[in-house]
Amino acid sequence: MIELPLIFVGGLLGSAHCIGMCGPLAIALSSAGPERLLRRQLVFSLGRLFTYASCGAMAGFGGAWISASSRTFVLSQAWLALLAGVVLVLMGLATAGLLPRPALQFFGAASCGAAGWMKTFLNSPSWTGVLLAGVFTGFIPCGLVYAFLLKAGSSGGIWQGWLTMAAFGLGTVPLMVAVGYGGRLFSVAGRARLFRIAAWCIVLTGAISIARGASQLNTPVDEAAEACPFCASDVESP
Amino acid sequence: MNAEESTRYCALCGLPVLPTLAWSRENSAGDLEYCCSGCRTVASIDEADSLSDSAASSVWRMGVAIFFAMNVMVFTLALWSRDVYSADAYTTELADVLHGLFRWAALLFSLPVLFLLGEPIAVGVWQALRRRSLTTDFLILLGVSAAFAYSTVSVLRGEGQIYFEVAVMVLVFVSLGRYLEARGKLRASQSLDELSALLPATARRRDAQGGFTEVAAAEIRTDDVIRVLPGERLPVDGILCQGSALIDEQIVTGESTASEKTLGDPVYSGTLNIDGDLQITVTAANGQETLSRILALVREARLARPAYQRLADRIVYWFLPTVCLIAIVSAYWQGAQHGADRGILTALAVVLIACPCALGLATPMALWTSLGRAAEGGVLFRSGLVVEQLASIRGACFDKTGTLTTGAARAAEFLPAAAESPEHLLPIAGDIAAGSSHGASQAVLAYVENHVAAWRPTDRWTVESLPGRGVLADDPGWGRVALGSRRLMTELGCAIPADLADRLERAAAACQQVFLAVGDRVAGVFLLHEHLRDEAVGALQTCRQLGLRLALLTGDDSNRARAIGQACGIESHGQLLPEEKAAHIQELARRGTMAMIGDGLNDAPAIATTQVGVALGCGADVTRDAAGVCLLSNDLRRFPWAVRLARHTLRVVKQNLFWAFAYNSAGILLAATGRLNPIWAALAMAISSLLVVTNSLRLGRFPLGVERISPAGSAAPALKSVDSGHRPATDELTAAGETAKMGA
Chain R
41 MIELPLIFVG GLLGSAHCIG MCGPLAIALS SAGPERLLRR QLVFSLGRLF TYASCGAMAG
101 FGGAWISASS RTFVLSQAWL ALLAGVVLVL MGLATAGLLP RPALQFFGAA SCGAAGWMKT
161 FLNSPSWTGV LLAGVFTGFI PCGLVYAFLL KAGSSGGIWQ GWLTMAAFGL GTVPLMVAVG
221 YGGRLFSVAG RARLFRIAAW CIVLTGAISI ARGASQLNTP VDEAAEACPF CASDVESP
Chain F
691 MNAEESTRYC ALCGLPVLPT LAWSRENSAG DLEYCCSGCR TVASIDEADS LSDSAASSVW
751 RMGVAIFFAM NVMVFTLALW SRDVYSADAY TTELADVLHG LFRWAALLFS LPVLFLLGEP
811 IAVGVWQALR RRSLTTDFLI LLGVSAAFAY STVSVLRGEG QIYFEVAVMV LVFVSLGRYL
871 EARGKLRASQ SLDELSALLP ATARRRDAQG GFTEVAAAEI RTDDVIRVLP GERLPVDGIL
931 CQGSALIDEQ IVTGESTASE KTLGDPVYSG TLNIDGDLQI TVTAANGQET LSRILALVRE
991 ARLARPAYQR LADRIVYWFL PTVCLIAIVS AYWQGAQHGA DRGILTALAV VLIACPCALG
1051 LATPMALWTS LGRAAEGGVL FRSGLVVEQL ASIRGACFDK TGTLTTGAAR AAEFLPAAAE
1111 SPEHLLPIAG DIAAGSSHGA SQAVLAYVEN HVAAWRPTDR WTVESLPGRG VLADDPGWGR
1171 VALGSRRLMT ELGCAIPADL ADRLERAAAA CQQVFLAVGD RVAGVFLLHE HLRDEAVGAL
1231 QTCRQLGLRL ALLTGDDSNR ARAIGQACGI ESHGQLLPEE KAAHIQELAR RGTMAMIGDG
1291 LNDAPAIATT QVGVALGCGA DVTRDAAGVC LLSNDLRRFP WAVRLARHTL RVVKQNLFWA
1351 FAYNSAGILL AATGRLNPIW AALAMAISSL LVVTNSLRLG RFPLGVERIS PAGSAAPALK
1411 SVDSGHRPAT DELTAAGETA KMGA
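First to last, the protein sequences are chains R and F.
Just so we're aligned: the first sequence equals residues 41 to 278 in this note's numbering.
Just so we're aligned: the second sequence equals residues 691 to 1434 in this note's numbering.
Treat the hints with care, since some could be wrong.
[To be verified] Some chain R residues close to chain F (C-beta under 10 Å, calculated; not the full set):
#1 Phe48
#2 Gly87
#3 Cys95
#4 Gly100
#5 Ser164
#6 Leu172
[To be verified] Cβ-Cβ distance ranges computed for the label pairs, FRET-style:
#7 Leu819(F) to Pro165(R): 35 to 41 Å
#8 Arg76(R) to Phe805(F): 28 to 34 Å
#9 Glu884(F) to Leu78(R): 43 to 49 Å
The set of hints was computed from the structure by calculation and includes no laboratory data.
None of the values given here were measured: they were computed from a predicted structure.
Note that the Cβ used here is the ideal one computed from N, Cα and C, for glycine as well.
Given the sequences, and given the hints that come with them, work out the whole structure.
Right, here's the structure in full:
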């Protein structure tokens, strides 16, 4: 999985975009001492990570299942990789400001509704509450997450899907913790610069995915789905 | 099934508890009853909310359970991927170890879910069992437990299929669906709650020392004196005993302009005191006052079961035994062919997909929402049955006086005989008119007061009243003085002077004529005009657009009926005796259900004859008459609005029923043949109920066509009311309705 570091960076920098939506939730985590707050933030992010990774695993399984059941007539995995790549490139370009960003309004409204509902968890003093808040934050509609989920789906296995999303989620941790911990860490200009770097990371991830899909389309059929979910975790599909 | 005998309401949403298959109805003491496990969940959440720190345990349960369920899913997918990849990939020892490990992990992680989500359902089942009734929850629980037990045995034996994900996901979806469904139900009664929230919880009661102390509204008794400050809503019905004020009675009468109330005037609960410091002697309080009676009426209306609902009830009644049978048969069949596990899963899928939640909810949800919305719009339906009937009307008959016209006629003109001067005659007419409270006399009195400066009636005569004809008095100077109909003049032998008769010929035939006779000749005639309601023409136009045949039925003179009929553009039938009215309506009803719209005062028999009686302006006394539909205000436009709402409601009911039937029958077929995984069945069940609930809740956003009543006791409604006074009385249902909706 050569893209894993790239995905991590995409998550790391791309999460500048998440601050608008998930940031308020992270800030809403109330706590007494700063040390405790840091731990709460980490647990919150762990919850998100859990959701992302689980969904990644499911997407990976779904992708594998589709390619297995359609093995004989379509190279699903290759096409999935192509699709994910295209979506990622589009997402990246949109984040870079080169494409208009549709549907953002809708997502914003959805997260507002969720924020009220999640108050119970966010305000809870216990660790379980914070963790669950993170788990459900992970479900907040987010274009970036969906793009990487597609990527996870094209990864060809449950374990690879899990890894993809875990890498992405891990990438989002530092900035979210920073936001929840200390409020504004970057100036607006600095955020904009981060945004642009993140955008190109995402575009690059997408491009790699497209290239991989295209190369798979050119390889013999029976090599398409070879990875084993348990033991061949890091074996790269050709 | 004996639901009618003792109706029980859900302790959370206040909706009636739907009948279940029960062989005994007595309620075990002390149990709060809920209409569904969702309501039980939401109730426990609210309870926890109020206890704040003791953990909102139900949200907690749901959250933790979902967390574990996601784990179980991932483990299960990992196990499933063995089927996806070729067997060669699994030859290593590590793969086998992982495989066994994941099976155990799935078992361990599904245990908390079973406990967390299974328990609330089990509690409901247990309660139902103690009531000796059987619910679908019982069957679901049975199926889930069976799937879980089978999988546990598989894990322990180290071979065989496991279905933890089925048990877990079914529980999650069922709980989630119930939870959302309960929230939806809560919203169905929300409009009523909003109305009852208008009643203040406390009131200032005068104590023995003459001071005022704040007490709970429930402690107020009849004959107490309470004080209401400007900007507050009245908590009780009463008589004004000190102060005067403008009072906004929109909530009760629907009148959008505030009315001036002074000493001795009756005032109603829920109305808004705009500008006066008032003291009120209580005549009715604590659930007996106007607003509470209105709300009680709407709640009662929910109980009557219209035909559609009775149909659904009958089906639900037979459903459970039938579903049990199908489940057992298909389970046996599938089990014999493919093994016990397939049998269990098939039975579970059948039970889940057949759960008649959607079917049971289809009609009541739509009706309940609609009844609440109607109440918000100033229309009270006596029952759900009436909604159904109103939706099916093909025509409507209107009473004239007080319905199409404002009740009181006004004297527009006085024609004196050639030899007489109005200055001389009017005080005479005024004095004799003052002796009677009849509408015509009052109109004459008002005319005299307006046209003779600084005139006050004197009681110089003893006035004798001849019902249906007029009034008489004896004056020592002029002899007999009479005020009344042409018939009275003929009876008294008073001739109408030729010039007067001539002018009467030319006067509008639509006018009611009141003759004044002094001595033995007619000295003058008052011409009384009836005023068509401002909104009448527009309202009737809307009715016609709805495809209704319209007719005017009145006991009044044919000429006047015709004149009003022409003004409104509807056919008219005058000089009808009450029984003739009734016969006429029955004649019309042969071509389709008819509604009769009247003010409920002088047309009670006609209203009672029609399938759908509609009474106008009954806000101040909702229990007054027998009409099925009460328009709180005197606004005729509420009638076509109510018809539209009723039709829309019926459409929603049909959609709901169609969906529920289609979904259940198609689903059972799939499930019984073993083609439906229980997880999908549970998801479909939740989605189906949600669809029905959300579809019904759309009715709660049906355009009101008037301003909503603002909950806070501020001056805002008054300002709004002033606005609405200027609104042209055109087709308000489309234009104004939309604006009101947007403004809300």
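Results of checking the hints against the structure:
Here the hint on Phe48(R) is broken, as its CB sits about 21 Å from the closest CB of chain F, past 10 Å. The interface hint given for Gly87(R) is met, as the beta carbon of that residue sits about 8 Å from the closest beta carbon of chain F, less than 10 Å. Nearest Cβ of chain F to the Cβ of Cys95(R): about 8 Å, under the 10 Å cut. The hint holds. Hint on Gly100(R) holds. Least Cβ distance to chain F is approximately 8 Å, under the 10 Å limit.
With a cut of 10 Å, the hint placing Ser164(R) at the interface with chain F holds, because the nearest CB-to-CB distance is about 7 Å. About 4 Å separates the beta-carbon of Leu172(R) from the nearest beta-carbon of chain F, less than 10 Å, and the hint is met. A beta carbon spacing of about 38 Å between Leu819(F) and Pro165(R) agrees with the range 35 to 41 Å that was offered as a hint. Under the hint 28 to 34 Å, the C-beta atoms of Arg76(R) and Phe805(F), about 30 Å apart, fit the expected range.
Taking 43 to 49 Å as the suggested C-beta distance range, the pair Glu884(F) and Leu78(R) conforms, at roughly 44 Å.
Checked against the numbered hints above, the structure violates only hint 1.
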